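Residue numbers (my numbering), protein chains in the order written: chain A, 1 to 605; chain B, 1 to 767.
Take these hints with a grain of salt, some might be off.
Unchecked claim - Capping the alpha-carbon separation at 27 Å, the derived lysine-lysine pairs in DSSO-like fashion look like this:
id: 1; chain 1: B; residue 1: Lys132; chain 2: A; residue 2: Lys107
id: 2; chain 1: B; residue 1: Lys89; chain 2: A; residue 2: Lys555
id: 3; chain 1: A; residue 1: Lys579; chain 2: B; residue 2: Lys62
id: 4; chain 1: A; residue 1: Lys21; chain 2: B; residue 2: Lys433
id: 5; chain 1: B; residue 1: Lys437; chain 2: A; residue 2: Lys359
id: 6; chain 1: B; residue 1: Lys132; chain 2: A; residue 2: Lys555
id: 7; chain 1: B; residue 1: Lys437; chain 2: A; residue 2: Lys49
id: 8; chain 1: B; residue 1: Lys168; chain 2: B; residue 2: Lys139
id: 9; chain 1: B; residue 1: Lys433; chain 2: A; residue 2: Lys49
id: 10; chain 1: B; residue 1: Lys437; chain 2: A; residue 2: Lys21
id: 11; chain 1: A; residue 1: Lys222; chain 2: A; residue 2: Lys482
id: 12; chain 1: A; residue 1: Lys437; chain 2: A; residue 2: Lys409
id: 13; chain 1: A; residue 1: Lys222; chain 2: A; residue 2: Lys210
id: 14; chain 1: A; residue 1: Lys359; chain 2: B; residue 2: Lys168
id: 15; chain 1: B; residue 1: Lys168; chain 2: A; residue 2: Lys49
id: 16; chain 1: B; residue 1: Lys62; chain 2: A; residue 2: Lys578
id: 17; chain 1: A; residue 1: Lys359; chain 2: A; residue 2: Lys249
id: 18; chain 1: A; residue 1: Lys71; chain 2: A; residue 2: Lys101
id: 19; chain 1: A; residue 1: Lys359; chain 2: B; residue 2: Lys433
id: 20; chain 1: B; residue 1: Lys89; chain 2: A; residue 2: Lys578
Worth flagging that the hints you see were computed from the coordinates, not collected in a lab. Please read all numbers here as calculations on a predicted model, not as lab measurements.
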Amino acid sequence: MEIPPVLEEKFQALLQRYPVKRSALVPMALYAQDVFGFVSDELILEIAKRLGLSSLHVNETLAYYSMIRRKPAGKYHVQVCTNVSCMLRGGNEVFDFVQKKLEIGNKQTTADGMFSLEEVECIGACTGAPAMQVNYDFYENLTGQRTDDLLDALDKSSRPARSVPTSGSVHERHPAEVSVISRLFGVPDSHKLDVYLQRDGYKGLERALKEFTPEQVIEEVKKSNLRGRGGAGFPTGVKWSFVPKESAKPKYILCNADESEPGTCKDRPLMEMVPHQLMEGMVIAGRAVGAHHGYIYIRGEYRYVLEIVDAAIEEAYSRGYLGKNIMGSGFDFDLATHTGAGAYECGEESALMESLEGKRGYPRIRPPFPAVVGLYGSPTVINNVETLSAIPAILHRGSEWYSGLGSPKNGGTRLFCISGHVNRPGIYELPMGFNLKRMIEEVAGGIPGGRKLKAVIPGGSSCPLLNAEEIDLPMDFDSLAKAGSMLGSGGLVVIDESTCMVDVARRIMHFYAHESCGWCIPCREGTDWLRKMLDRFHSGGGRREDIALIGELSKNMLGRTFCPLGDAAALPTISIVKKWPHEFEEHLAGKCPYQPAELLTPALG
Amino acid sequence: MAETAEIKFKLDDRQLTVRPGTLVIEAAREQGIEVPSFCYYQGLALQAACRMCLVEVEKAPKLQTACTLVAVNGMVVRTNTPQVHEARKSMLEFLLANHPLDCPVCDKGGECELQDMTFRYGADRSRFVEEKLHVPEVKWSNIVYYDAPRCILCFRCVRVCDEGMDVKALGVGQRGANSVIIPNRDGYLECVECGMCIDICPVGALTSGTYRYHTRPWEMQYVPTVCAHCSNGCKTTLSVRNHEIIRANNRDLSGYNGDFLCAKGRFAFDFTRHPERLNQPLIRLGGKLDTASWEEALQAVASRLAAIRKQNGPEAIGFYGSNRTTNEENYLLGRIARASIGTNNVDHHRTADYAGLMQLAADLAGSSSGHGGSTAGGSGGIFATMRDLESAPAILLIGNDATEQNPLVAWQIRTAIRNHRSRLYILDSREQKLNSKAQASVLFARGEEAAAIGKLAPSGTANLAETDLDRRLHPFRDALAAENDVVVLFGAAIQGAALARLSDFARERVAAGKRTRFIALGDYANSRGAADMGLLPEWLPGYAPIANPAAREAFGKIWGATLPEKPGLDSRAMLDATAAGQLKALYVVGANPAKKTNFVGSKRMGKLDLLVVQDLYLSETARLADIVLPALSAFEKNGTMTNTAGEVQLVRQGGDFMGARSDFDILRILSHQLAQQRVGQPIPLRTPDAAFEEIARTVPGYAVSWAGLLSGTAEPIQPNFAATNGHRPAESAAGVIFSNNDSLFTSGSLTPYCRMIRSLREAGVTP
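Just chain A, with the same shape it has in the complex (with noise of 0.2 Å):
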């Protein structure tokens, strides 16, 4: 098939991007996707093709990717976000009144092809929630106003402003916070190398390539205390020395970009206002371990973020960043990136490790694990964007330094997203171990119209909630721990008394449910299933059985699944169930006692 010049430029240079050519498969289609509108079965062949695989094999991971369409969409593909975040604050609303003014349902196009709408899981815009991508346009803290004027130009060809930085990212600074990895947010030009090698740039890697050999890198990292902000908490230091010295197989640093946790929204402004400290973190985390490649695996829908962190890639290649003998240290480290197409499993380590290698995102049994047999079967880091940003101060300020910033065992700061019912939602970048009260309520200014809070969600829809009782407490892995929840992913959402906690209950597991990667059955069918019942009762048509049926099922995931999905799918449903019990008998009525959440602006017409 013909394929135009600007995308065989872009198929060549992935061709040329991975050891193994099937990598290029998921950016391959995905680009493709751009410019022809979707995936043909022609598209299907012309891949498996060039990639010499069998079209069955293209088939069988493009299907697994919920951004690879099939079939054509829109010019302008809208899709609304009604995750909780955005749930909290109209995101159903903002996506009836698309409905109802393209007079299109869900996944359809209008007739003149014009548009095409979908409902979407958290596209990490939850501190500017409600919002929506327009194509790769993310439009945020929409009113019914706001989304009719937005359509309105789009229908007459013209790009609205688009929201970026991410809303939220940048504010006033709270006295409270402490802005280490955050200290470029809002800084004119962040992302340019120039301006982030005024601001310290570079000088962590410095150390690290000329003061430092990689054992003492290592350990610096170790006492900085600073433990893993995709959500799991692992010590990076000690992640990093299960790494062996010798290995036949060259070794490589991964980031893990895939941000994708409900409430979660802070690798995209690192990575759109900083991008070269999270590539100094990954230089570094080469020059301990002994790697010399790095990939960053951003999720799909970040597309201007990624072109954004391209650019800087190429501007440190072309300053001695990147590539060969980095700063006149003789390492050589080579960094590109790598775009996913709508996974949320894929954030999963070894998961994102499948789906690098161009296949279907499931995760692989471990172990072996990933610091031994990771991405090609080679001894692998794998970190969080958060993570890795933070290397650099570390390596620049000291671990002393850094661990001092936070509470015992918990170094450093972290960017917490809180979004939800507050008045200010944002991301505020706080020592570890900050009081999630005050966090609630004088970071993020309380909640709006003097209405009480319900419950939290401390760090991703992953999480047991907290009931208003329960948030006097410092926001670390081990409080968060003691308190029977995680600390997670840094995304707390905010819930106040007006709303449905058996609806939270059902739109966290409806996500679960799309996201589930079906490859092992209680996540599988436990997820859909519960999704069934939870939509079925929060509907009003719930029996007094189903109430208990419910933590039974999710406990029957829970712990038993292959991956930590099923997990979390059930611990926040259990933690609803247990605590929220009366909001489900209040169900038993046969209608949902709660008023849907209010669009920030009243809907026109």
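Following the hints, complete the assembly by docking chain B onto the known chain A.
Quick look at chain B alone, frame taken from chain A:
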């Protein structure tokens, strides 16, 4: 291997000692402790997807999957705790949530793993009140149907197609609860149609075009026997209802083929009920074949044979045997030819040089003989078994496209490569699929067999000029020379001089202390047995040369006759003699020389005074016959067959067909009829069992364990090379040994009657 270390761990109340690397699920099963699983399947990649095998491990916070859990010292595992039972119950509940409970009409009902596990571990009621996901069933090919709602996504089918078959025709579409198995083409399958996916499916998600909605499993009888098609001798279990074969599979994993069967093995049993099947003897009257009674027909055969013998002598009569009849039937045919009629004019379509292999073995007889891999300490043995293949460290495949011609051999090779890191070397005149799995492969031109093989032995290359073939063969030869244990597989083209070069190669290796074993690859179910039973003009059963007076005497004594000394005509010479008018009568059993030999036309065959054909159908040869006797197929009789590697297996009657008789019965009756005509002695052997007892006594190598045979084992024969007693028969004439080069979708003369196979898109038959 220096792996002397042992792992000691506790499983329930037992203290176990296992090899390092043992999976807990395997250790448990070996102990008879059931750890249920859907996705775990021995020999296929681990999945840990179904979560049925969760067990409790002391000090582990969560239940662990026994299928991925490697036993370590001091580990304490429990499979029988309330928590484990609860987990199993909940997994089944999840599975049944969306599973359509259409068991009453599901093909799998009664033999379904999901049913069985639910019965044993499941809940007694459903708590699922939501609407089930439903999508319609799809037909992927005439053989494979997929019912997505029934699918539990254990991925066995995907793995067996990829890892086992190397076909990779199945994948996974969609995601999450919508996940489905998808075929490699847009809505249909293009594959080898082996049906492995259907049989390996634990539920009724994949069903077969031949079996679906035909019957219920409990209405059938199950008959373990041997596949009637190629020479690999796969065990198959026929599911039979009212004497009709409804299904063939090997789900009981009997035999060395485990669960392997190819498309023919699974779906080509339908030839037994083809409408053209003969059910009455036919006698030519006034130029036309007309029906006759068995009595009339057999009397006519005997009297006319007697008359020709009397008038033209025994050498005017020839016997053309079959590749598919049993050892007992072949033995009887040879006995009738040599003892009753008194001629050595007996042959069959030879598809591998088994006699040449015996000669090679005799030449190597300095080293010890027999089946090394299967007999204790027989490291000097030169014959490999089918089972040996699956773990052979190195395999040299010469002149045979195993994927097409010898499907089980190819499966064993793939298994060896996958599970034992075996190395495959291929030397052939054609490109073949296995080349992609080979460590090295060299292509030579047809006719260069002897030259190419001649260069494999280190000494064979010394004086040769450096040709292109040499250059390609050098690294190949060196790699082979480094192998300490090679199984050599060779096809029909390796005969005569080429086989002699192979013998040189083997001699040098044996002299260097390197183990070398052989399998000759023939075409059909009992190609080997036809040769072993002496359906050869120059050899008596067991390859005793006819020139050997002691051998003649031994058999003559048992058969009650003085056996003729003069070597007979081979298959080709018999047909030439027919054309020349020297051969007056030809007796053909289960063969179709008029079609299958390109050097004889029907006109020449017409010169015969008497052509008798025993067959299932009115084949091209039968159409020319004077008397046609309808025979039963291999699926309808008892006896033994010998696979191409020289392993004997029992054949058991599955189906039956009214009007036809087994070749054994026909030949036995014929011997009585001939005796009435004062030709030879009646054969006193009443049953195939009795015949096999005589074979075991008389045929060198066939004194195999009867107990083993009865219990379903493949018993390797132990040939006795002394039988040649210094008499080296002439090499087989050119053109006598040749392969039909059957594909996965053909089966020699049975092909036209295998309707399901022929209906497949991949078979390439234009309708």
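Checked against the structure, which of the hints given earlier come out wrong?
none
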